[in-house]
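*Asks:* Quick mapping for you: the protein sequence lines, in order, are chains A and B.
Counting from 1, one number per residue, gives the positions in the first sequence under my numbering.
Counting from 1, one number per residue, gives the positions in the second sequence under my numbering.
Read the hints as simulated data drawn from the structure, not as lab findings.
Since the structure is predicted, the reported quantities are computational estimates derived from the model, not experimental observations.
Beta carbons: idealized from backbone N, C-alpha and C, even for Gly.
Among these hints, one or two may not hold up.
[Unchecked claim] Capping the alpha-carbon separation at 20 Å, the derived lysine to aspartate or glutamate pairs in EDC-like fashion look like this: (1) A:Lys126 / A:Asp174; (2) B:Lys110 / A:Asp28; (3) A:Lys170 / B:Asp265; (4) A:Lys73 / B:Asp297; (5) A:Lys73 / B:Asp265.
[What the hints assert, rightly or not] Far from chain B by the CB rule (all over 10 Å, computed), these chain A residues: (6) Ala20; (7) His63; (8) Leu65; (9) Val70; (10) Arg76; (11) Tyr149; (12) Asp316.
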Amino acid sequence: MPNNSADKLLRVLREPALLATLSLADWDLVVRQARRSDLLARLWVLMKREVTDLVSTAAPHQHLLSAYQVSQKQARVVRYEVQRIDRALREINQPVILLKGAAYVVAQLPPAEGRVFSDIDILVPKAKIDAVEQVMNKHGWETTHLDEYDQRYYRTWMHELPPMSHIRRKSNIDVHHAILPETARLKPSSEKLLAAIQLIPGCDNVYTLSDVDMVLHSATHLFSDGELEHGLRDLVDLDSLLRHFSSKQEFWERLVERATELGLVRPLYYAFTYCRSMLLTPVPEMAYKAVLSLSDFSPVTRRAMGFLLDRALLPDHESCRDGFTSIARWLLYIRSHYLRMPLYLLIPHLIRKAIKNRKSSAPLNGQELEKS
Amino acid sequence: MKVSDLSPEELNKRLAGLGLVLHIGPFVVLIQSSIDSIFRGISRLYASYPVATDDVFVDFRLAFSPSVGVRRFFRPQVHFSFDGLQPFVPLPLNHAFPMFEWALNWCIAKHAHQYLIIHAAVIERDGFAVILPGEPGAGKSTLCSVLVNRGWRLLTDELAMISVADGSLAPIPRPVSLKNESIDIVRRYAPDAVFGDVFLDTKKGTVAHMRASEDSVRRVNEHAQPAWVIMPRYTRGSDSFLQPGSKAQFSLLIANNSFNYNILDEQGFTMLTDLVQRCDCYDFCYSDLESAVQVFDSLRPPVTNAE
Numbered sequence: 001m002p003n004n005s006a007d008k009l010l011r012v013l014r015e016p017a018l019l020a021t022l023s024l025a026d027w028d029l030v031v032r033q034a035r036r037s038d039l040l041a042r043l044w045v046l047m048k049r050e051v052t053d054l055v056s057t058a059a060p061h062q063h064l065l066s067a068y069q070v071s072q073k074q075a076r077v078v079r080y081e082v083q084r085i086d087r088a089l090r091e092i093n094q095p096v097i098l099l100k101g102a103a104y105v106v107a108q109l110p111p112a113e114g115r116v117f118s119d120i121d122i123l124v125p126k127a128k129i130d131a132v133e134q135v136m137n138k139h140g141w142e143t144t145h146l147d148e149y150d151q152r153y154y155r156t157w158m159h160e161l162p163p164m165s166h167i168r169r170k171s172n173i174d175v176h177h178a179i180l181p182e183t184a185r186l187k188p189s190s191e192k193l194l195a196a197i198q199l200i201p202g203c204d205n206v207y208t209l210s211d212v213d214m215v216l217h218s219a220t221h222l223f224s225d226g227e228l229e230h231g232l233r234d235l236v237d238l239d240s241l242l243r244h245f246s247s248k249q250e251f252w253e254r255l256v257e258r259a260t261e262l263g264l265v266r267p268l269y270y271a272f273t274y275c276r277s278m279l280l281t282p283v284p285e286m287a288y289k290a291v292l293s294l295s296d297f298s299p300v301t302r303r304a305m306g307f308l309l310d311r312a313l314l315p316d317h318e319s320c321r322d323g324f325t326s327i328a329r330w331l332l333y334i335r336s337h338y339l340r341m342p343l344y345l346l347i348p349h350l351i352r353k354a355i356k357n358r359k360s361s362a363p364l365n366g367q368e369l370e371k372s
Numbered sequence: 001m002k003v004s005d006l007s008p009e010e011l012n013k014r015l016a017g018l019g020l021v022l023h024i025g026p027f028v029v030l031i032q033s034s035i036d037s038i039f040r041g042i043s044r045l046y047a048s049y050p051v052a053t054d055d056v057f058v059d060f061r062l063a064f065s066p067s068v069g070v071r072r073f074f075r076p077q078v079h080f081s082f083d084g085l086q087p088f089v090p091l092p093l094n095h096a097f098p099m100f101e102w103a104l105n106w107c108i109a110k111h112a113h114q115y116l117i118i119h120a121a122v123i124e125r126d127g128f129a130v131i132l133p134g135e136p137g138a139g140k141s142t143l144c145s146v147l148v149n150r151g152w153r154l155l156t157d158e159l160a161m162i163s164v165a166d167g168s169l170a171p172i173p174r175p176v177s178l179k180n181e182s183i184d185i186v187r188r189y190a191p192d193a194v195f196g197d198v199f200l201d202t203k204k205g206t207v208a209h210m211r212a213s214e215d216s217v218r219r220v221n222e223h224a225q226p227a228w229v230i231m232p233r234y235t236r237g238s239d240s241f242l243q244p245g246s247k248a249q250f251s252l253l254i255a256n257n258s259f260n261y262n263i264l265d266e267q268g269f270t271m272l273t274d275l276v277q278r279c280d281c282y283d284f285c286y287s288d289l290e291s292a293v294q295v296f297d298s299l300r301p302p303v304t305n306a307e
């Protein structure tokens, strides 16, 4: 660990009962770290669950509760939007297959509690992508990023349509046809994922991936993605999924088998390693050893990735940085692109992105507070 | 200990160093900046605000820093950061103090959902409060500034905070921001009022801030009961009169002027309807401020229904 105070949020996540014993100085750090990691609302959930004699008028608690109220509102919006997506996709007999956050909310899985949501991600078969885009357009969603290069980037090289936004409600949807880009080094089969989808109880057209596929998707997304500022939140999702599913029949065996089948052993190895070390997830020793030997790492790669991930997965707050954190994040960002695209595509892409970022739109004009 | 008890050197040292921690309304706010206009604004307009002791939990940390490097010499800017993030577009360096005021509004409106927060001024007398929702150009701030110099207590000029716990209005007295002609108008009606610096060419035009009275700052913990919702409508040449408004329309009006109504969901709706039920709701047409003051003086609290 880079330094002592980076520990605070992690210790509380591992042992929520500690929330009852924090000093004001501790609270100060925990709230700020949690806010930057999008985990403030989650702390409220943990606190309510684990601290029985709660005095909820204390100032720090207010911040947790406010964050929780915002996350509740976002969950309501997600549920509503999923209904609208269902209405659209039914017209072409396409099931709504939810990924990540939206899946957790609608299927009422533990990671949903206190989670922050923004976009909704769905999976559709590649063959139906055009039909899906058309019917979504009909129902008011249009693709953003209309620049020709960006369109090509998403459609040809990545694994999704450009992000779609609803013209009136401004809700955002990402329509994927695979969980990793076409150009990526790892190629988990979308057909296999689609063959294993599970209907959400109480719904007739809304599905999630199977339990093991959900875990693998989350792990792959986290450990291939370049933007690890929210890495800790994704790790909390993973920990929550693993704990929830671990009571199911032969879950761990199926998980390792499926990882092998889909070629996703390496992300699963990282998931196990970091869930265990940072959040004390009870991963059975057998499962861990299996993934370790199957993942076929050189010790050098393992050490290097360890160095980078140890830093990058901490909260993105000044109290959790050391001299190497920025470089670690930058290297992982480059790595994520390297994993997504071969070099001859990557270099022009990065150059173009750097130029565009200089012209990109700025955040709020603070003088105009948005009203609800 | 108040801000005015600190020597200018000590005040500057805290501001430019680890930060000055103040009690502002129900919040504890840490302000960190080496910029001069912020030092001047705080020392003049926040003179009577209590400085927090060391062992307190800080609700909001706001930092304002000038541009670095070459930018320093060429149209320098001020950057606002909140916990390491920069949620705002940078502004010209000499607008740092107004930016602080806008930034604090943002922090509260975005994060304090223990209140239903409405864009409105609130003034109080004898325990009962008037909520004045703020359509731009309607004269809410001007009217508010004059009234608080004629016997009404200022609770807020921007953020009406209705406590979710009990429906009362929580005071957050702060400098009243005035624009363009209002600045001179208020100076005329309230010659004893203290003003901070005047800022030209902001996105809202010329801006200045009137200091909140010591009395309003001292009584920061005295909540008020909402009794009237009055929508000011400045109309050139008009007489001053109150016109009873439709409660249904006022519900919509308040919802549209609220920052976090949609986050509070069903509870927000209940609070809103309760508020409109128990308050007398009026549209207020006026042009002359003296007769406006008289109309407000003649307000009587609504008769509360026994059920």
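*Asks:* Hint by hint, say whether it matches the structure.
*Replies:* How the hints compare with the structure:
no.: 1; hint: A:Lys126 / A:Asp174; verdict: holds (14 Å)
no.: 2; hint: B:Lys110 / A:Asp28; verdict: holds (18 Å)
no.: 3; hint: A:Lys170 / B:Asp265; verdict: holds (19 Å)
no.: 4; hint: A:Lys73 / B:Asp297; verdict: violated (41 Å)
no.: 5; hint: A:Lys73 / B:Asp265; verdict: holds (7 Å)
no.: 6; hint: Ala20; verdict: holds (16 Å)
no.: 7; hint: His63; verdict: violated (7 Å)
no.: 8; hint: Leu65; verdict: violated (7 Å)
no.: 9; hint: Val70; verdict: violated (6 Å)
no.: 10; hint: Arg76; verdict: violated (7 Å)
no.: 11; hint: Tyr149; verdict: holds (26 Å)
no.: 12; hint: Asp316; verdict: violated (8 Å)
In this structure, the hints that do not hold are numbers 4, 7, 8, 9, 10 and 12, in rising order.
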